[in-house]
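In the numbering used here, the protein residues as written are 21 to 73.
None of these hints come from the bench; they were simulated from the model. Watch out, some of these pointers could steer you wrong.
What the hints assert, rightly or not - In the PhoX-like style, the derived pairs of lysine-lysine whose C-alpha atoms are separated by at most 25 Å in a straight line are:
#1 K24 x K53
#2 K32 x K53
#3 K47 x K69
#4 K47 x K24
#5 K47 x K33
#6 K69 x K24
#7 K32 x K69
#8 K53 x K41
#9 K32 x K47
#10 K53 x K33
#11 K33 x K69
#12 K24 x K41
#13 K41 x K69
#14 K69 x K53
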Amino acid sequence: MEFKEIYCFNCKKTLGRYNDKYFSDQKMGEIIKANHSSHVYEGHEIVVKRVTI
């Protein structure tokens, strides 16, 4: 099963994991803007990784 994982390098933690089947790259950008904007405003480096479990 493949997931897209939102990861913060500064905090060194996973902010969320979303099923690749249901969430497009555009939707992931919207999720980051809506739910994880505090990390972006603080200058943290956030990346979306593809994870297979």
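Here is how each hint holds up against the structure:
1. K24 x K53: holds (16 Å)
2. K32 x K53: holds (19 Å)
3. K47 x K69: holds (14 Å)
4. K47 x K24: holds (11 Å)
5. K47 x K33: holds (21 Å)
6. K69 x K24: Holds: K69 and K24 sit about 6 Å apart, inside 25 Å.
7. K32 x K69: holds (13 Å)
8. K53 x K41: holds (20 Å)
9. K32 x K47: Satisfied, since the Cα-Cα distance of roughly 23 Å is no more than 25 Å.
10. K53 x K33: holds (18 Å)
11. K33 x K69: holds (12 Å)
12. K24 x K41: holds (9 Å)
13. K41 x K69: Given pair K41, K69 holds - Cα atoms ~14 Å apart, limit 25 Å.
14. K69 x K53: holds (17 Å)
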